[in-house]
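Kindly generate the complete structure, drawing on both the sequences and the hints.
Sequences listed follow chains L and E, in order. Under our numbering, the first residue of the first sequence is numbered 1, with each subsequent residue one higher. Under our numbering, the first residue of the second sequence is numbered 1, with each subsequent residue one higher.
Since the hints were derived computationally from the structure, they do not count as laboratory data.
The calculated lysine-lysine pairs, modelled on DSBU-like cross-linking and capped at a C-alpha distance of 35 Å, are:
hint, chain 1, residue 1, chain 2, residue 2
1, L, K157, E, K78
2, L, K52, L, K198
3, L, K198, L, K117
4, L, K52, L, K228
5, L, K147, L, K198
6, L, K198, E, K78
7, L, K117, L, K157
8, E, K114, L, K147
9, L, K157, L, K52
10, L, K147, L, K52
11, E, K78, L, K117
12, L, K117, L, K147
13, E, K114, L, K157
14, L, K157, L, K147
15, L, K228, L, K157
Covered stretches of chain E (chain L as the covering partner; in silico rule of three or more C-beta atoms under 8 Å from a C-beta of chain L):
hint, segment
16, 21 to 28
17, 31 to 40
18, 57 to 70
19, 80 to 87
20, 95 to 104
21, 332 to 339
Backbone N, C-alpha and C define an ideal beta-carbon position, used for all residues, glycine too.
Spelled out, the chains give:
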Amino acid sequence: MTGHIHSPDEPPVIVIEGLANRFGSFVVHEDLDLTVRRGEILGVVGGSGSGKSVLMRSIIGLQRPAAGRIDVLGRTITGVDLDSGIGVRRRWGVLFQGGALFSTLTVGENVEVALRKYYPDLSPELRAEIARYKVLLTGLPESAVAKYPSELSGGMKKRAGLARALALDPELLFLDEPTAGLDPIGAANFDRLTRDLKETLGLTVFLITHDLDTLYEICDRVAVIAEKRIIAVGTIPELIATGHPWIEEYFNGPRGRAAHAAHMRGEK
Amino acid sequence: MEEAAQYSLVEDGAGGTRLVLSGQLVLAVIGPFERALGAIPGPLAVIDLAAVEDIDTVGAWMVCRIARQHQCDITGAKPAAERLLAAVRGFDPSSDIGPEIRPVWERVPVAVGKQVFAARSGIAGVVGFFGQILLGAASLLRHPLRFPLKALVHQMELVGVSALPIIGLMSFLIGIVIAQQGSVQLEQFGAEALTVNLVGRITLRELGVLMTAIMVAGRSGSAFAAQLGTMKLTEEIDAMRTIGISPIEVLVIPRILAATFMMVLLGFYSSVVAMVGGAVVGDVALGIPFWTFLARIQEVVPTYDLWVGLIKAPVFGLIVALAGCYNGLQVRGNSEEVGRRTTMAVVSAIFAVIVLDAFFAVFFTEIGWA
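Below, the structure is given as structure tokens:
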């Protein structure tokens with residue numbers, strides 16, 4: 001359904017019901033519910049160690065939940081071997097925190113990996129062309145395509161990681177702290193890139209972040225993880241209206257207020 | 001599954017050809033479609049996208065590619081398709097994504113030059129490292145209270161005590177192999193009894209210490225490099241320097257002392273266990289009773305064979321520790337470098353140990369300890 005304008009009554013992209021995750025006796029999630037609508041950018045926030053990354057890893061099948069059910073793109077992925085070809089993996093892309101680029105391949109070759117795996121019938125030239133324009137689509141210069149990850153700066157690595165996540169024209173994009181470690185200008189540019197790509201390609205974005213500016217600027221809704229579950233989902237004014245003390249402190253702390261003020265200035 | 005993309009060619013009134021695309025123009029079906037489209041004859045006047053049901057960036061790229069090839073216009077694109085076309089249209093078509101490859105006549109001199117400069121700075125680095133250690137040792141002698149005794153004991157345990165089982169097993173097996181294989185050869189001259197000389201002298205002079213040094217390089221030299229390398233990456237070493245603690249004093253000197261000292265004990269231990277292994281073979285296979293074998297060793301092995309082994313051992317220990325610590329502290333940049341430097345530490349330590357062993361062999365023979 002790439003490139004379509006989405007209406008709110010389309011079926012949701014991710015549905016999580018009663019998710020539980022435990023490491024030994026340490027409980028990360030208990031009875032966690034979350035729904036991600038098609039075409040939205042959902043920001044996920046929570047304190048350090050609250051299980052944001054574990055939640056993402058559960059959704060993309062890297063972490064086997066102790067209980068609960070996760071449906072992604074209309075398929076149930078809990079209790080299913082994702083290697084057995086239910087074909088949902090090629091419909092999502094993942095950007096890991098550090099980029100997680102394959103260090104022995106150039107940026108372009110990194111993007112090519114998934115194309116090579118899933119579409120071996122593409123001609124090598126077309127495959128390389130696709131890989132190349134994907135890299136350029138993320139705003140990297142042409143000179144970066146044939147470079148190795150170790151030759152790139154942190155911000156460029158994130159863009160290269162994003163290009164790899166976009167390799168298969170996914171419907172769903174997972175971003176794990178995309179702006180962490182970037183300077184404010186780089187972070188703002190990356191936010192803009194995320195929003196532009198989402199609008200152009202019709203993506204749904206699941207975005208883990210600590211960056212209040214990102215939340216204000218590009219997220220349609222925000223989900224808050226605390227006390228082992230999602231305590232609230234909604235727009236930022238809706239969240240603040242819940243009056244939960246942690247949310248209150250998060251958005252009305254000095255940083256939260258500064259981000260809000262910046263956002264209001266931007267609106268004008 | 002997606003319905004394949006289709007195309008048809010329609011002649012329009014003005015004498016041009018119109019390429020009409022329809023169906024799903026997405027990545028999943030683009031492979032066969034690309035081959036089919038490659039065969040269409042030109043020239044095309046227009047590409048018509050009005051009947052395309054779905055399109056992604058790959059489909060848009062494909063359309064732009066044909067348009068570029070035939071220099072024709074694109075019509076009938078829906079808003080979504082138009083957006084995608086606009087997004088990919090600007091990029092110039094190139095399939096150049098591999099690393100830049102220079103011709104051989106450039107690559108070889110460049111590689112050689114890099115090696116030469118690396119060797120030069122490597123030698124300077126090793127000399128500098130020696131200097132740092134000497135300075136660190138001197139300052140510890142002046143301030144004996146600063147001596148990192150706890151770290152030294154801990155390293156001695158790691159390098160020495162915990163290596164006992166594996167080195168014991170290795171030496172025992174080596175003793176067995178030497179005795180067994182040696183006896184087979186000596187039997188041909190009717191000199192089986194000389195197996196005792198063979199086992200006793202070769203383990204004390206050469207193999208005990210040499211094999212132990214190789215084992216210590218693999219166990220502890222690599223551990224030194226990996227530990228110090230990781231500490232370098234996590235900026236622990238910089239933090240020490242900032243506080244005013246010398247990493248040479250607290251990290252390198254205890255490791256070097258521990259490896260040097262423990263190598264002597266381990267080398268001796270290894271030789272003894274190897275002789276026991278030989279004695280077991282003698283008892284079982286050659287008919288020489290166990291205690292007779294050991295008593296014979298005392299008679300046929302000169303004392304200086306023991307000294308040859310014990311003099312070499314601390315030198316080998318020093319080399320292994322220096323290679324490990326030096327390479328660990330050379331780590332810069334990323335985790336890949338830790339692996340590279342660890343390998344380098346082990347390889348260069350073993351190589352240096354074997355080269356030095358050859359020198360020692362000639363030296364001790366020349367001074368009459370043959």
